[in-house]
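All chains, please: the whole structure from these sequences, using the hints.
2 protein chains.
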Amino acid sequence: MQIKSEWELLGNIKNLINKEGLPKPKDLIQSIGDDCAVFTLSGSRLGLITTDISIESIHFRRDVSGFEDIGFKAMMGNVSDIAAMGGKAKYAFVSLGLPAGFAKENVLAIYKGLIKAGNMAGTIIAGGDISKAKEVIINIALYGEVKKNKLIKRSNAKIGNNIFVTGNLGSSMAGLEILLSKKRNITKQFPALIKKHIMPIARYSIIEELIDKFEPTSMIDISDGLLSDLRHICDSSATGFKLNEECLPVSKELLRYCSRLKKSPSGYALNSGEEYELLFTSDKIIKRPLILGKEQIPVTRIGKITNKGFYLIRDNTKIKISITGFDHFK
Amino acid sequence: MQIKSEWELLGNIKNLINKEGLPKPKDLIQSIGDDCAVFTLSGSRLGLITTDISIESIHFRRDVSGFEDIGFKAMMGNVSDIAAMGGKAKYAFVSLGLPAGFAKENVLAIYKGLIKAGNMAGTIIAGGDISKAKEVIINIALYGEVKKNKLIKRSNAKIGNNIFVTGNLGSSMAGLEILLSKKRNITKQFPALIKKHIMPIARYSIIEELIDKFEPTSMIDISDGLLSDLRHICDSSATGFKLNEECLPVSKELLRYCSRLKKSPSGYALNSGEEYELLFTSDKIIKRPLILGKEQIPVTRIGKITNKGFYLIRDNTKIKISITGFDHFK
Numbered sequence: 061m062q063i064k065s066e067w068e069l070l071g072n073i074k075n076l077i078n079k080e081g082l083p084k085p086k087d088l089i090q091s092i093g094d095d096c097a098v099f100t101l102s103g104s105r106l107g108l109i110t111t112d113i114s115i116e117s118i119h120f121r122r123d124v125s126g127f128e129d130i131g132f133k134a135m136m137g138n139v140s141d142i143a144a145m146g147g148k149a150k151y152a153f154v155s156l157g158l159p160a161g162f163a164k165e166n167v168l169a170i171y172k173g174l175i176k177a178g179n180m181a182g183t184i185i186a187g188g189d190i191s192k193a194k195e196v197i198i199n200i201a202l203y204g205e206v207k208k209n210k211l212i213k214r215s216n217a218k219i220g221n222n223i224f225v226t227g228n229l230g231s232s233m234a235g236l237e238i239l240l241s242k243k244r245n246i247t248k249q250f251p252a253l254i255k256k257h258i259m260p261i262a263r264y265s266i267i268e269e270l271i272d273k274f275e276p277t278s279m280i281d282i283s284d285g286l287l288s289d290l291r292h293i294c295d296s297s298a299t300g301f302k303l304n305e306e307c308l309p310v311s312k313e314l315l316r317y318c319s320r321l322k323k324s325p326s327g328y329a330l331n332s333g334e335e336y337e338l339l340f341t342s343d344k345i346i347k348r349p350l351i352l353g354k355e356q357i358p359v360t361r362i363g364k365i366t367n368k369g370f371y372l373i374r375d376n377t378k379i380k381i382s383i384t385g386f387d388h389f390k
Numbered sequence: 061m062q063i064k065s066e067w068e069l070l071g072n073i074k075n076l077i078n079k080e081g082l083p084k085p086k087d088l089i090q091s092i093g094d095d096c097a098v099f100t101l102s103g104s105r106l107g108l109i110t111t112d113i114s115i116e117s118i119h120f121r122r123d124v125s126g127f128e129d130i131g132f133k134a135m136m137g138n139v140s141d142i143a144a145m146g147g148k149a150k151y152a153f154v155s156l157g158l159p160a161g162f163a164k165e166n167v168l169a170i171y172k173g174l175i176k177a178g179n180m181a182g183t184i185i186a187g188g189d190i191s192k193a194k195e196v197i198i199n200i201a202l203y204g205e206v207k208k209n210k211l212i213k214r215s216n217a218k219i220g221n222n223i224f225v226t227g228n229l230g231s232s233m234a235g236l237e238i239l240l241s242k243k244r245n246i247t248k249q250f251p252a253l254i255k256k257h258i259m260p261i262a263r264y265s266i267i268e269e270l271i272d273k274f275e276p277t278s279m280i281d282i283s284d285g286l287l288s289d290l291r292h293i294c295d296s297s298a299t300g301f302k303l304n305e306e307c308l309p310v311s312k313e314l315l316r317y318c319s320r321l322k323k324s325p326s327g328y329a330l331n332s333g334e335e336y337e338l339l340f341t342s343d344k345i346i347k348r349p350l351i352l353g354k355e356q357i358p359v360t361r362i363g364k365i366t367n368k369g370f371y372l373i374r375d376n377t378k379i380k381i382s383i384t385g386f387d388h389f390k
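From first to last, the protein sequence lines are chains A and B. Sequential numbering of the first sequence, starting at 61, is according to my numbering. Sequential numbering of the second sequence, starting at 61, is according to my numbering.
Accuracy of the hints is not assured; some may be wrong.
Calculated lysine-lysine pairs in the BS3-like style (CA-CA distance at most 27 angstroms, straight line) [to be verified]:
1) K218/A - K347/A
2) K84/A - K172/B
3) K207/A - K207/B
4) K312/B - K148/A
5) K364/A - K344/A
6) K176/A - K344/B
7) K172/A - K192/B
8) K192/A - K74/B
Keep in mind the hints are simulated off the structure, nothing from the lab.
As structure tokens, then:
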């Protein structure tokens, strides 16, 4: 039978593991279904492991990004998953698939990018594997740690919680659009949009301050897009949400780009993936964006967790939204 | 520049990581260069992580193995890496790449095999990722643990140590040959050779007994082939070896197969990869194969660690051997 959708397939796999696999030991606090698996190391320390596969033409294109940037982004995507649990990434394990005739310089460029991102986040490449393949494949498994009282899962959002997001949204999607247009003069005018797509930086540097200030009830990183990832939180927490469109944080550059193209910035903000911003819920209240860290990252309140349904508030009107999200098999 | 060889490339990557990466923290006991990375969890407990990528047409072929067997073998290969450090595999993270039109049943068959092998070794699938790809890709990252005083690395073989191997050797290569010949009548006559290729079982079940009885100084699992893997031990330990050809353990079925084809069994024993037997060095002496575990696995002495050079003793003659081994990029 054909694969109908990624989510159906994941459901089938989960069922199979639950039915035929060994019973989950007490040590394994979180298995499939969050940004990372979580397991007990000692009384107060937890281990985190996440894995992500990046494949040429699906996840990256060499006509859009250089290999160093491709490596950088692959590592940052995993660092972001560890940060989304409240943790710190420690050791990375890199499997590469390389097509015949692939230049050694390109392999080393991928590694330069991996190392650069790892260095920023305090992460060391501690192992890996290499094979020939039909296309460039980068799989990263990342090990991290978090203190038990700092762990934040997806599944604990409470009705009435505020919804917050770090940084601003939408730039990655706009950056990709510009790059694909291959118009040099436009590329030059929107350097920050391009940079956000090519070299996004995960929010590992403000994670401790964020946890101290907000005591998040749930958290996820934005890799699929705000709507998709917020749905992950709500599905895991059995809640709904309402988002205030006018609160969505977007950069001046994105506003300028949208006004030029006569497009709505909120379309970008709601759907842009690979942003690697942190999306979280908390019962804290802030009146205006709070600025965290020496990088001066804003944290903005964008909506509220409700008991059910997914809604966007636009000009005081409640619009019901259906979320599709990217699906590899649709 | 073209990639000249896997080993040269790995050397370049290691140099780059050492030069540009963060300094190795004290906690990271073993990084790239053994079956697993090793890091401190608490005073007496160590964490182990290994990762392996399996790619269709390079590592497996669907005309030779069913998808359940392909999943089984991929998991066992990783379990074997953990066993080779003296450890126990706990949590597995599976990334799949699936070509367009790949049937859902085949994905679930891969998972059935992964689960079956995991169950045998006490391992749980705790996370993963799925993407579309041009070919079937299975990447497994496996987390395990070992007590500090049970850890066995590659790098500590001592001159004068005896060299031992579990089980018997050569069957996987012969099994693949038979399967590729596609002659049904031959397939039926050599079920154990076929099984060893299709569904090899790593030696996790006897690892504790083996460590207690032999106190190995170094250990590796045979994934590349006896000669290649023994060279890994010797390169890491700065030693040489001499192997006694007549001591190499081979099954009666392999002897029968070789006599039929008028081939030398030792060619198979020396070069067959994916055996997942344990190869180790120890100062213990045994007169005849020792039998371990309820599966009655023999452990056979096959040679000695020397100060340098790689030699095979055949009919009392010392033959110098050069080892090439499989290289993805040659």
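Outcome of the hint check:
The straight-line distance between the Cα atoms of K218/A and K347/A is roughly 20 angstroms, inside the 27 angstroms bound, and the hint therefore holds. Pair hint K84/A plus K172/B holds up; C-alpha atoms about 17 angstroms apart against a cutoff of 27 angstroms. Distance restraint check for K207/A and K207/B: the Cα-Cα separation of roughly 22 angstroms lies within the 27 angstroms cut-off, and the hinted pair is therefore satisfied. The suggested pairing of K312/B with K148/A is violated, with an alpha-carbon distance near 53 angstroms, which exceeds 27 angstroms.
Restraint check: the Cα-Cα separation between K364/A and K344/A comes to about 11 angstroms, which is no more than 27 angstroms; the hinted pair holds. Using a Cα cut-off of 27 angstroms, the hinted pair K176/A and K344/B is violated, with the two alpha carbons roughly 47 angstroms apart. Of the pairs offered as hints, the one joining K172/A and K192/B holds, with about 26 angstroms between alpha carbons and a cut-off of 27 angstroms not exceeded. With a CA separation close to 19 angstroms, the supplied pair K192/A and K74/B stays within the 27 angstroms bound.
Going through the hint list in order, the structure does not satisfy hints 4 and 6.
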